[in-house]
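Chains as they are written, first to last, in this note's numbering: chain W, 1 to 644; chain U, 1 to 313; chain S, 1 to 226.
Hints in this document: simulated from the structure, not taken from any laboratory. Since the model is a prediction, treat every value here as computed from it, not as a measurement. Note that beta-carbon positions come from the ideal geometry of N, C-alpha and C, so glycine has one too. Worth double-checking, as some hints may not be accurate.
[Said to hold, decoys possible] Below, a list of computed lysine to any residue pairs in the SDA-like style, where the Cα atoms sit at most 20 angstroms apart: (1) Lys527/W x Glu55/U; (2) Lys81/S x Arg91/S; (3) Lys155/U x Arg100/W; (4) Lys54/U x Arg36/U; (5) Lys175/U x Leu421/W; (6) Lys468/W x Arg100/W; (7) Lys155/U x Ile423/W; (8) Lys175/U x Glu9/S; (9) Lys175/U x Ile10/S.
[Unchecked claim] A short list of chain S residues far from chain U (calculated; beta carbon distances all over 12 angstroms): (10) Leu24; (11) Leu32; (12) Tyr97; (13) Ile148.
[Claimed, not checked] Computed spacing ranges between beta-carbons, pair by pair: (14) Leu174/W x Leu287/U: 45 to 51 angstroms; (15) Glu465/W x Val9/U: 41 to 47 angstroms; (16) Met267/U x Ser467/W: 56 to 62 angstroms; (17) Asp56/S x Phe594/W: 50 to 56 angstroms; (18) Ala264/U x Glu465/W: 43 to 49 angstroms; (19) Phe130/S x Met505/W: 49 to 55 angstroms; (20) Ala58/W x Leu17/U: 54 to 60 angstroms; (21) Arg53/U x Pro28/W: 53 to 59 angstroms; (22) Phe594/W x Phe149/S: 41 to 47 angstroms; (23) Thr203/U x Leu591/W: 30 to 36 angstroms; (24) Pro176/U x Ala328/W: 30 to 36 angstroms; (25) Leu17/U x Phe594/W: 32 to 38 angstroms; (26) Ala328/W x Ala264/U: 40 to 46 angstroms; (27) Pro378/W x Phe149/S: 53 to 59 angstroms.
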Amino acid sequence: MIETNVFFASIFFGISIILPVLVSISRPIARRISMACAGLGLLALADISLRVMITNSAMTLNLASFYKELSFELLIDRLSAFFILTIILVSLAVLIYSFRYVEHLKKKHGKNIAVSLMNLFIVSMILVVASKNLISFLFLWELMSISSFFLVYFDYEQKTTGKAGMFYIIMTQLSTLFLIASFLLVYSSGNSFEIRQMPQNAPMASVIFILAFLGFGIKAGVIPFHKWLPYAHPAAPSNISALMSGLMIKVAIYGMIRILLTVLPKPLLWWGVLILLFGTLSAVLGVIYALKEHDIKRLLAYHSIENIGIILIGLGLYVIFKASHFEALAFMAIAGSLFHTLNHALFKSLLFLTSGSVVMATETKNIEDMGGLIKNMPATAFLFLIGAVSISALPPFNGFVSEYMIFYVFFNTHVLISPFLKILLVASACILALTSALAAACFVKAFGTIFLGVPRSKHASSAQEASKSMIIGPAIIAILCALLGIFSFQIFSILGFNFPIPNMMYISIVLAGTYLIFFLLLYRASKIRVYETWSCGFPLSNGKTEYTASGFSEPIVTIFRAIYKPKRNSTKEFYDDSNVIVSHGHAEMSLMKFFEEYLYAPVLKAVDFTSGITARLQAGYLDLYIVYVFLGSLALLIAMGVLT
Amino acid sequence: MNELLIYSVLNILAVILISPFFMGVIKKIKAWCQGREGQPLLQQYYNLIKLLRKESVVSSTSSWITRATPYVNVAALITAALFVPVLFVPSGSTLFGNLILMLYLLALAKFFMALAGLDAGSTFGGMGSSREMAFSAILEPVIIIIFLALAFMFKTPNLFEIFRQASAVGILYAKPLLILLMVSLFIVLIAETSRVPVDNPETHLELTMIHEGMVLEQSGKYLGMMELSHAMKQTLLMAVLINILVPIGFSTALSFYSIAISFAAFMAKGTALAAVIGIFESSIAKLRLFRLPVMFMVAFFLAFLTIILEVYG
Amino acid sequence: MMPPLALPEINKILLVLILFLAVLIITVKDLLFLNFLYRIQSFFIVLVSLALYAPDRKTSLLAVASITLLSKVIIIPSIIKNAQNKLKIKRDVEFHYLTPISSILVSIAVFFAVYLSFSRLITELPDKTFLITGSLSVSLMFMGMIIIFTRQQTITNIIGFLTIENGVLLFSLFMAELPLIVEVLILLDLVMLIVLASLLAFGIDSNIEEFHKKLQPLSKFLGGQK
Numbered sequence: 001m002i003e004t005n006v007f008f009a010s011i012f013f014g015i016s017i018i019l020p021v022l023v024s025i026s027r028p029i030a031r032r033i034s035m036a037c038a039g040l041g042l043l044a045l046a047d048i049s050l051r052v053m054i055t056n057s058a059m060t061l062n063l064a065s066f067y068k069e070l071s072f073e074l075l076i077d078r079l080s081a082f083f084i085l086t087i088i089l090v091s092l093a094v095l096i097y098s099f100r101y102v103e104h105l106k107k108k109h110g111k112n113i114a115v116s117l118m119n120l121f122i123v124s125m126i127l128v129v130a131s132k133n134l135i136s137f138l139f140l141w142e143l144m145s146i147s148s149f150f151l152v153y154f155d156y157e158q159k160t161t162g163k164a165g166m167f168y169i170i171m172t173q174l175s176t177l178f179l180i181a182s183f184l185l186v187y188s189s190g191n192s193f194e195i196r197q198m199p200q201n202a203p204m205a206s207v208i209f210i211l212a213f214l215g216f217g218i219k220a221g222v223i224p225f226h227k228w229l230p231y232a233h234p235a236a237p238s239n240i241s242a243l244m245s246g247l248m249i250k251v252a253i254y255g256m257i258r259i260l261l262t263v264l265p266k267p268l269l270w271w272g273v274l275i276l277l278f279g280t281l282s283a284v285l286g287v288i289y290a291l292k293e294h295d296i297k298r299l300l301a302y303h304s305i306e307n308i309g310i311i312l313i314g315l316g317l318y319v320i321f322k323a324s325h326f327e328a329l330a331f332m333a334i335a336g337s338l339f340h341t342l343n344h345a346l347f348k349s350l351l352f353l354t355s356g357s358v359v360m361a362t363e364t365k366n367i368e369d370m371g372g373l374i375k376n377m378p379a380t381a382f383l384f385l386i387g388a389v390s391i392s393a394l395p396p397f398n399g400f401v402s403e404y405m406i407f408y409v410f411f412n413t414h415v416l417i418s419p420f421l422k423i424l425l426v427a428s429a430c431i432l433a434l435t436s437a438l439a440a441a442c443f444v445k446a447f448g449t450i451f452l453g454v455p456r457s458k459h460a461s462s463a464q465e466a467s468k469s470m471i472i473g474p475a476i477i478a479i480l481c482a483l484l485g486i487f488s489f490q491i492f493s494i495l496g497f498n499f500p501i502p503n504m505m506y507i508s509i510v511l512a513g514t515y516l517i518f519f520l521l522l523y524r525a526s527k528i529r530v531y532e533t534w535s536c537g538f539p540l541s542n543g544k545t546e547y548t549a550s551g552f553s554e555p556i557v558t559i560f561r562a563i564y565k566p567k568r569n570s571t572k573e574f575y576d577d578s579n580v581i582v583s584h585g586h587a588e589m590s591l592m593k594f595f596e597e598y599l600y601a602p603v604l605k606a607v608d609f610t611s612g613i614t615a616r617l618q619a620g621y622l623d624l625y626i627v628y629v630f631l632g633s634l635a636l637l638i639a640m641g642v643l644t
Numbered sequence: 001m002n003e004l005l006i007y008s009v010l011n012i013l014a015v016i017l018i019s020p021f022f023m024g025v026i027k028k029i030k031a032w033c034q035g036r037e038g039q040p041l042l043q044q045y046y047n048l049i050k051l052l053r054k055e056s057v058v059s060s061t062s063s064w065i066t067r068a069t070p071y072v073n074v075a076a077l078i079t080a081a082l083f084v085p086v087l088f089v090p091s092g093s094t095l096f097g098n099l100i101l102m103l104y105l106l107a108l109a110k111f112f113m114a115l116a117g118l119d120a121g122s123t124f125g126g127m128g129s130s131r132e133m134a135f136s137a138i139l140e141p142v143i144i145i146i147f148l149a150l151a152f153m154f155k156t157p158n159l160f161e162i163f164r165q166a167s168a169v170g171i172l173y174a175k176p177l178l179i180l181l182m183v184s185l186f187i188v189l190i191a192e193t194s195r196v197p198v199d200n201p202e203t204h205l206e207l208t209m210i211h212e213g214m215v216l217e218q219s220g221k222y223l224g225m226m227e228l229s230h231a232m233k234q235t236l237l238m239a240v241l242i243n244i245l246v247p248i249g250f251s252t253a254l255s256f257y258s259i260a261i262s263f264a265a266f267m268a269k270g271t272a273l274a275a276v277i278g279i280f281e282s283s284i285a286k287l288r289l290f291r292l293p294v295m296f297m298v299a300f301f302l303a304f305l306t307i308i309l310e311v312y313g
Numbered sequence: 001m002m003p004p005l006a007l008p009e010i011n012k013i014l015l016v017l018i019l020f021l022a023v024l025i026i027t028v029k030d031l032l033f034l035n036f037l038y039r040i041q042s043f044f045i046v047l048v049s050l051a052l053y054a055p056d057r058k059t060s061l062l063a064v065a066s067i068t069l070l071s072k073v074i075i076i077p078s079i080i081k082n083a084q085n086k087l088k089i090k091r092d093v094e095f096h097y098l099t100p101i102s103s104i105l106v107s108i109a110v111f112f113a114v115y116l117s118f119s120r121l122i123t124e125l126p127d128k129t130f131l132i133t134g135s136l137s138v139s140l141m142f143m144g145m146i147i148i149f150t151r152q153q154t155i156t157n158i159i160g161f162l163t164i165e166n167g168v169l170l171f172s173l174f175m176a177e178l179p180l181i182v183e184v185l186i187l188l189d190l191v192m193l194i195v196l197a198s199l200l201a202f203g204i205d206s207n208i209e210e211f212h213k214k215l216q217p218l219s220k221f222l223g224g225q226k
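When you get a sec, could you build the whole thing from the sequences and use the hints?
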């Protein structure tokens, strides 16, 4: 049964990846068959992982073995199954969305390759999560990175895309570098690449943890390694951004959790503090940076950083409570963290997909040029609103439940003994509260400027609703967002967990009930007249008098000016010599890019400097290189002779 | 289960019915402070009934958001009313009473109110929602730290359990640190209900406009619902303060007499607190907008010290 | 009258309120109000010493209370008020180095640091409350320093200095060894300082930068920058 499923799945995936490359026709039929095949393959896998998820079993599959250590083996246990299910849910919706979205892309060529790469990307993510040993994990991890790199590079004619692509590939290679180091240490502790428990050996374990945390942290976009996200996401097509932001950074979270649960199951307290600090920092800075963005996709990218921060806060709490031997709370923390992973995958891909439709309709990514789209694109607006409400963690949607679980653990901080930890956790909880409130502010801004009010540009006023597949895809995710929130209590009890979370079903019934009662009571209470906006009597002529997105975030920029460090540059030129009559002037305001200026630039300079020195060694003469080889081999030989 | 049902109905009705009265009391006190006669105490009820019957004018620019928001607000506030017992605490219920959920229900109402502010495309609405979201965001850590301190002191995040413990012992005698916490909570109450040092509910001046800016385009029954939910929010926050600080007369059992006493006691204490708010509002001037974070920070400092004392003391 | 059991708690509340007033002093701009806040802060210290006096009935504590009441609640604030009335400047608008919000955050951090280092330094303790009261009063001294270096006006600096002194007094109160001697000695210093400082303040017209500011408008006619 399982074998047949896997067999069919691999055939479908094979077709979906190879077919569009083989057939070089530009008609959509090949792409559609390919995407349908990918969807079928996902469904075949969904069956297996659902079964594993509910029965809490594990299954292994040996696909191919080459050498005693090198084999492609899959292991699907509950953790993998959870991540596979997440990938399947989001990918299905993205595939449905891409059905029409790909056809709308501006480029003539390369659509087939894009589809093929997208399918490869999805398959590689599933395989990474299911890998049984570290070698296949690394191999598939690279496959995932490279396929996504090409997808980011899809629009390569654009100047910004080139920079984004290079930034992304360098950061992702850096991440792999740390991972290789960490995995080699795991290998050296028992001469096996199996993902298994490390023998307890504290200093080595800490080194492995730090290396893995860095490696996965770079890929997940943890601040201060986050810079590639806001570059790569806007550059890629929207369906790819949805996959990358919704899923790929979650694969890095999977890696972290796998390391913490399986390889190092007895974590030390300070790891938890470290994770918590990085998580808190990412959460709050992510949302603060998001608030100043007016490029819709970059805004969403910063929100990914924020949510990764929230997930890490949950993980940090897990480690802290685990190390302090409060198993129940630790379990609740990691469950909250995992649930938030799923939820973020859902609502973030929902937001990326719907914003993709908006960008397509208005031909701009700048939200300052949008406005009033709720009239022309009602369905997209509604779906975006659901995403916005979910990501702002408002009840009864899913984002609330996972944040609640993390808050619940925070509210039980008093069980801890160390006062230092208590205060640390209180501070972190306050920052988390700030984060979620700022996220709500940011999405009021985003939804308000994109969809409400008066159109601010010609494109915005003539926008067309997205085509059907581009509504059905996100709609599936939106429904899931609602269901996962409302029935969270029931879902957890089906899986066998009894967490003290509120039964959102009753809450939603009360909410909907009172809404309905008031609606019916007041339905005939009074007449409704439609008239122009009052606005204290000021005429509202066009979009120019509306509140803009920068106006909206101005109070927050002023409050957090210590973080943004806004710079105001103004120059004036005068007609006369004594500088009285101004002829013309120029004023601009920019916000500081702290990490770029103070973290990345110095590293870059250092690399530049050292490579300048090493470049002298590389003279380009063959003879010189032979001298190097000669000296090198001689030195090796002598060293061996001396040492042995 | 039966008790819970009675609790739900009674509590919601009580909150809806009491809320306009407290609003009226505050208005009356402020009028007295300014040397005016002031409107009758029940004027708020007349206003509400009038508004609910009146024709609503809806901007042609606006969408269904403007029309749905008042209902969402009322629904969220009524659901939140289930979480804050004003008359009695039903025995052994964990379904409601969750502090975090209550907070987020209030946030839900606020989210939609801010959206409605942007919906009509008017500058004032945008300004109101921008300020409201910014300042409620920086108020959020203060609220969470107060609730965390409560959870630290009572060892539970459940408001029902907190109220029960509070009314069981002479709470102020056992935990005098609560006074400090309540000072912070009072600042939160002032800020959340957009009262004077933060916002001015009386004027439509753009300098002071936060809450009023957002509901500027609402009229008729929609405005009525917004006012009702605003008054309810005030009552809920007042109830948290009152029932923890002075739980005298608060009932933990379901019987007719005890509830009647509890009701009378709550009305008396609520009126007193409303009078305090009115006097406070009259005696202080509006703060400059960007001085507000400092005020919130001061409240934060107080709550933080309370936690430290609770943790270490 | 509260039974003695609750007294440590009351002291804690008073301590927190004293720190709270220090936070207000950090943020407030109105100079007259600052003086008033200082008066209240000193009054709370009187209350603390009275609360400490209640159980043990040590006369030295009573003496401290009365001296503090006389000097810090009545005499020093009125000297400052007199000086204040003769000056034109009523507000201290600018902040250096730290904004009020970051000053508050820094104060929280300072308290935490002081507490942690105290708990490392002093291992054997008669009771735990000393640790908390000790670190609260020491952080009050630090807050006084913050007041001094974030503000410009002489009057505010004086009040910052007085806040430091209040911290010292509090600390000595809770050490419960030599409060009277410490207090009397410091007080002498203090009164001298206030008199001198207010004399200076009259003389130089509140601060030196004021002079430069008066010159500022002229530069417009000279065609310089600005």
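Checklist entry - Checking against the hints above, which ones are violated? => result Structure breaks hints 3, 4, 5, 10, 18, 22, 25.
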